[in-house]
Amino acid sequence: MTSPVVHDPILLERARAGDHAAFDALLRRFAPCVHGVLLGHVPAADADDLMQDVFVAAWRALPDLKDDAAFCGWLLTIARNRARRFHARRRVHEPLPADVADASPAASAGASIDGDEILALLRTLPEAYREPLMLRLVERMSGAQIAAATGLTHGSVRVNLSRGMELLRERLRERGWP
Amino acid sequence: MKDDYLFDPDATPDPEIVRLERALEKFRHGAERTPSSSPSPPPRRHPLRWLSSVAVAAAVVVAAFLWLDHGSSTIDSPYRLDTASVGTRVWTKDGREREVREGVLAGDRIEIDENARARLSIGSIGSVVLEANSSVRVEDRGTSALDSSPAFGLFLERGTVAASIFAAPRVFQVGTPAGIAVDLGCIYKTTVTDDGRTWLSVVSGFVSFETKQRHVLVPAGAECEALPGTGPLTPTWQDAPHDYKDAIRRIDLESPVPEDALAALHAQTDRHATLTLWHLLTHAERTVRKTALDVLVSAGHVPDSIGLDRLMDGDADALLALRESFDWGP
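Quick mapping for you: the protein sequence lines, in order, are chains E and R. Take the first sequence: its letter number 148 is residue 148 in this note's numbering, and every next letter is one higher. Take the second sequence: its letter number 177 is residue 1177 in this note's numbering, and every next letter is one higher.
Do not rely on the hints blindly, as some may be mistaken.
As the list claims (entries may be wrong) - Label-pair restraints from in silico Cβ distances:
hint: 1; chain 1: E; residue 1: 178; chain 2: R; residue 2: 1011; range: 15 to 25 Å
hint: 2; chain 1: R; residue 1: 1270; chain 2: E; residue 2: 57; range: 22 to 32 Å
hint: 3; chain 1: E; residue 1: 126; chain 2: R; residue 2: 1324; range: 47 to 57 Å
hint: 4; chain 1: E; residue 1: 10; chain 2: R; residue 2: 1094; range: 47 to 57 Å
hint: 5; chain 1: E; residue 1: 10; chain 2: R; residue 2: 1327; range: 13 to 23 Å
hint: 6; chain 1: R; residue 1: 1324; chain 2: E; residue 2: 8; range: 26 to 36 Å
Stated by the list, open to error - To give an idea of the chain E side of the interface with chain R (calculated C-beta under 7 Å), a few residues:
hint: 7; residue: 45
hint: 8; residue: 119
hint: 9; residue: 138
These aren't lab readings, by the way, just hints derived from the structure by calculation. Yeah, the Cβ is synthetic: ideal placement off N, Cα and C, and Gly gets one too.
Whole structure, please, built from the sequences with the hints as guidance.
Given below as structure tokens:
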């Protein structure tokens, strides 16, 4: 099970004061959460690189964080913004990565589906469903942990997971998932 | 209740979701860092990820063969390219090109072209992102001078590396043509231009930028330029006014030191400015040392217990005591 996403005012205060060890501890605690959100937006191979960008940006902006309790939501907002910037750059410089380009339903209908294809299908879901499913299926966070990380209620997370899973099942079946 | 397991992984497992979890396991955070006894490198490093879908379709049979062929020859090294886009090339000491997926050994050179980017994992201490247009040589540093733990190093010939290192001080360093950035446990970025000029900016922690002649300390939020043959110049805060930075650069490089540049020292007297002023206390020209000390004293930044004459004379203990009275030093 992933480490609980727990608000820790002492760690945050120490990190804000420039304590590198405290920031490292925060980084380790929230890394799976940030990684899961990034995976919803960018190819897996780039998620780790972008994580570094996210934490660098967070470190720089930490003194501006007004509400410590909102730290994780704030961090995830940075992650989403970095992912959008990544796509803006990529459109100029690089072709669409294979795991996204192959996500169309006709690409491999009937074939066995591996993790790369499932990940690509997850990315085709609406963002409201995509992120909680990434956090649950990839990062193995519980619904309660996802709620704590995203600031949503348990009920909303349960609904989004459930509806997202239904959509994912439909798309998997279109592609021959038994 | 339907989807109970989806919300609560401690509930009775749903076989369909368990299959999905297993299929997606390789993408989980940290999965690529887990040492594997399997000879096959993890899929996240597969270079084909970066090709277009058409190229993948055309190359899949050949690629699979090559993958298996080279899988068992993955070398044992603390340096590992976790992600490497097309345009990343690895050269051995004797000039042979090494397959990227084989790994990286001390002595190898990693070259990143204008459209590429790569991430190099370094033991268990962190990673370095190698930006486009970079050339980096991986160094064999043996063991740490402090204990017997492994030490790591890169030499940045040109381009930019962004390092995130969480290790004991001096375990990791980035050499450049203008000096060595010695990691004191932090996140920082180093850029080297084609003529060897180097810029260092630190995001968290501290870096000691060193040559035989001079050591400067660059804390989080500060930056430092270094020149081949000259070494590191005096560090400034990244958010310092441009005019102030320019004046400090002229103080470091021009002789005699321009008076208007010296006068600029009086414009920044808050505690933030102690970083730059403290470094100027070891400047070669007495006028510079005297001006820096005057500014520090008049702003009340020098504790009474530290003798001013000792600071003017470059007494190491006095300088250390003064530095420790500030809040930017390690």
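Hints versus structure:
{"no.": "1", "hint": "E/178 / R/1011: 15 to 25 Å", "in the structure": "holds (23 Å)"}
{"no.": "2", "hint": "R/1270 / E/57: 22 to 32 Å", "in the structure": "holds (26 Å)"}
{"no.": "3", "hint": "E/126 / R/1324: 47 to 57 Å", "in the structure": "holds (55 Å)"}
{"no.": "4", "hint": "E/10 / R/1094: 47 to 57 Å", "in the structure": "holds (53 Å)"}
{"no.": "5", "hint": "E/10 / R/1327: 13 to 23 Å", "in the structure": "holds (19 Å)"}
{"no.": "6", "hint": "R/1324 / E/8: 26 to 36 Å", "in the structure": "holds (29 Å)"}
{"no.": "7", "hint": "45", "in the structure": "holds (5 Å)"}
{"no.": "8", "hint": "119", "in the structure": "holds (6 Å)"}
{"no.": "9", "hint": "138", "in the structure": "holds (5 Å)"}
Violation of the numbered hints given earlier is absent; every hint is satisfied by the structure.
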